[in-house]
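The primary structure of each chain is shown beneath.
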Amino acid sequence: DAMVIQNPRYQVTQFGKPVTLSCSQTLNHNVMYWYQQKSSQAPKLLFHYYDKDFNNEADTPDNFQSRRPNTSFCFLDIRSPGLGDAAMYLCATSRETGGANQPQHFGDGTRLSIL
Amino acid sequence: AQKVTQAQTEISVVEKEDVTLDCVYETRDTTYYLFWYKQPPSGELVFLIRRNSFDEQNEISGRYSWNFQKSTSSFNFTITASQVVDSAVYFCALSEALSGNTPLVFGKGTRLSVIA
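Residue numbers (the working numbering), protein chains in the order written: chain V, 1 to 115; chain E, 1 to 116.
Hints listed in this document are in silico derivations from the structure and should not be mistaken for laboratory results.
With a Cα cut of at most 30 Å, we get these calculated DSBU-like pairs of lysine-lysine:
1) V:Lys38 / E:Lys108
2) E:Lys38 / V:Lys44
3) E:Lys3 / V:Lys44
None of the values given here were measured: they were computed from a predicted structure.
Build the full structure now, drawing on both the sequences and the hints.
See below:
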């Protein structure tokens, strides 16, 4: 059974048209992450939530925002997508346990195309 | 600064051959975690192993084995008797252990193709 679920699997949007990607989890993990992975590159962390605390990576463009309304759901909002934002977006979760860095569990990803 | 280097961009092997994927890391932390993930063509990242910096025991899981050598800052991954289903991109990753939600630093990945 899928534990980190990303919808949709494929998303097409127009240049400049806002788009939202969603992620839900059944693991009850307190940390949720969003990564961007461009073709043939490693995943790059955009931001993460530790419970309700939002942590933005320094080089994440302002165009990217995130919301976490509850433990189970996390959204990635791209306000004005450019052609350079076409990528696979990966959501991951982990359980913070007092310093022991637990593995991150990834969803299947959403592949975003920009027309 | 943390860094993970996977020098092999692509490897091709014939089925049943053994193959080793190299991973070299840099960190100033004395406590850290190392990970391997597999990314098949379908796109999801599948967790394979986590190793903390104090545990240098090698690990074997079926056809997979990992060799952690702190002296050379390496955490290599060997697949024995490779199969076509092993074809994927494999990522090595590192994180500090100061708290449980520090981000992963990924290497650029090694694309493994296993040919029947």
